[in-house]
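S.K.: Starting from the known structure of chain A, fit chain B onto it as the hints suggest.
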Amino acid sequence: MRRILLSTLVLALTGCLTAQPADNLTAQATTSQTARQVQLPNKDGSVKFLVLGDTGTGGSDQLAIAKQAAAFRSRFPFDFAIMLGDNLYGSERPRDYARKFEQPYKPLLDAGVKFYASLGNHDDPNQRMYKLFNMNGERYYTFKPSLTAGVRFFALDSTYMDPKQVEWLEEELANSGSDWKIAFFHHPPYASGMHGSDEILKGQLEPLFVKYGVNVVFTGHEHFYERIKPQKGVQYFVSGSSAKLRRGDIERSSLTAFGYDQGYTFMLVEVDGDQMHFQTIDSRGKSIDTGVIMKGANDKVIGTTGRGAAPKPAQNAPAAKPQNGNPKPQSPDPK
Amino acid sequence: MAELTRPVLALALSAWISGCGLTRDQGKGETVPEPITPVQQATASPDNPDSAILADFNARLDNYITKQRALLKDSPVAEDATPAQITARQETLAAELRAIRKTAKQGDIFTPQVAALFKRLMYPEVKEQPRETKQALVEEDGEVAQVWLRVNATYPLDTEPLPTTPSNLLASLPQLPMEVEYRITNKRHLVLRDVDANIIVDYIYNAIR
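Residue numbers (the working numbering), protein chains in the order written: chain A, 344 to 678; chain B, 453 to 661.
Looking at chain A on its own, in the form it has when it is part of the complex (with noise of 0.2 Å):
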């Protein structure tokens, strides 16, 4: 009990208890916005790691953000990075393995980061046998990134969400004793942007989610990045903008609470203790959403507190599609 009350103290003092409105969060120059600043804790035996999606390309905008993500890590020394999907697009002959992962990421691996991936509907399922993806051969699997952290990663194929992967997840959380469980993968269960949230993935996952206790859920897919606001005591994020962008493709609906469709994007995690704190930083390393997600005693998560701060589009950038102030249906569109 002392433990939720601290925690809700915290949350309301450092703004609010769920997630800012979008509204709220409009493009304003903030220091927020230097370039290449970590915006995290930065402690020494937190669990740090960094998040991509949708990074599959080769082209120069996946570089970019692998420059950026290897540049932040001079400063926050996360040690692994887990892949949302759609790691390769297109051909994946040898040559693509190393021109759309190998070679941007080099300074990474090089560095002994270990990437986690999960498996996109651009994806072979061969992929799983790829050393430098750590799949171990499966298309579904979990790992603890210490042993020590308290911090269990659930990859999953949402791609192919049969129930033998339905009764392992649920096999693993029931007796997953950590005290963050986190589950990425490629289809996002709550969206706002042109596909929307996947209502029969989430009829699915979302109830293992709750009763187990998932706190975190990251995904990719939709080409831009949202965070949600919390749906049953469970963070979502949609980051899928790690190589693709779809510019304005964001329809803010009442799930929303921050959105950035105008630049490619990565993110850096920390989790230290019951904090899990988030920097989401684009293409120019600047900062785009920060906040600290606060998980109480029952595991539930009780609040995210964020700060977006969108940065005007580039100068040729198209425009953003209009915002019109409809929130989206409370069901949207299903992929």
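Hint data in this document are derived by calculation from the structure and do not stem from the laboratory.
The reader is advised that the hints may include incorrect statements.
[What the hints assert, rightly or not] Covered stretches of chain B (in silico footprint by chain A; criterion: 3 or more residues with CB under 8 Å from a CB of chain A, positions within the stretch not fixed):
no.	region
1	501-509
2	534-540
3	623-636
4	642-655
[As the list claims (entries may be wrong)] Over 10 Å on every C-beta distance to chain A, these chain B residues come out as not near it, computed from the model:
no.	residue
5	Asn515
6	Leu523
7	Arg602
On a predicted model such as this, the values are computed, not experimentally measured, just so you know.
Virtual Cβ for every residue (Gly too), placed ideally from N, Cα, C.
M.R.: Below, chain B without anything else, positioned relative to chain A:
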């Protein structure tokens, strides 16, 4: 004779259900069935005419999987392979499968009876969905996988996405071993795809109505 084969078939089906993970061990050696799906209903009772069709499907599939596994055993690949090893294994396996299945044709596994049953099993899942969901069933990322279907042909991953198979459809069909998977292409065709070799094993035209 019929009296003799019926219990044998029931035993075989029961073993298959257990093997597919359709039942769950609750500890203390007690096994209870999961909620009954149409597939389970069919396999639970040999009197159900669908059970014979499903048994036939499983026998045909088993025949394929046995061959595939034998070939894979001869050319194992480490779980920490390089891209070159992954590609080589995939291409070698595909070539070997084509060689031993030279005469394979559409309907060898998805026989007309199996195809009719699968369409029937999937229909409620499709029928009850709103229009947007139906659209989502057949499109991926705004794209539709346009695949020229031919048994033993390579699935064109270079140019086409691998469409997500909706979980409700997967739950309505018999579960598959990990070597093969169901995919929906061209908005309506159900494809049985070899995951390791990336080849089309069989397909059902217009499986989604």
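S.K.: Does each hint hold? Answer for all of them.
M.R.: Each hint tested on the structure:
1. 501-509: violated (count 0)
2. 534-540: holds (count 6)
3. 623-636: holds (count 5)
4. 642-655: holds (count 3)
5. Asn515: holds, 21 Å
6. Leu523: holds, 15 Å
7. Arg602: The claim stands: B/Arg602 keeps its Cβ more than 10 Å from every Cβ of chain A (closest is about 19 Å).
Going through the hint list in order, the structure does not satisfy hint 1, though it satisfies all others.
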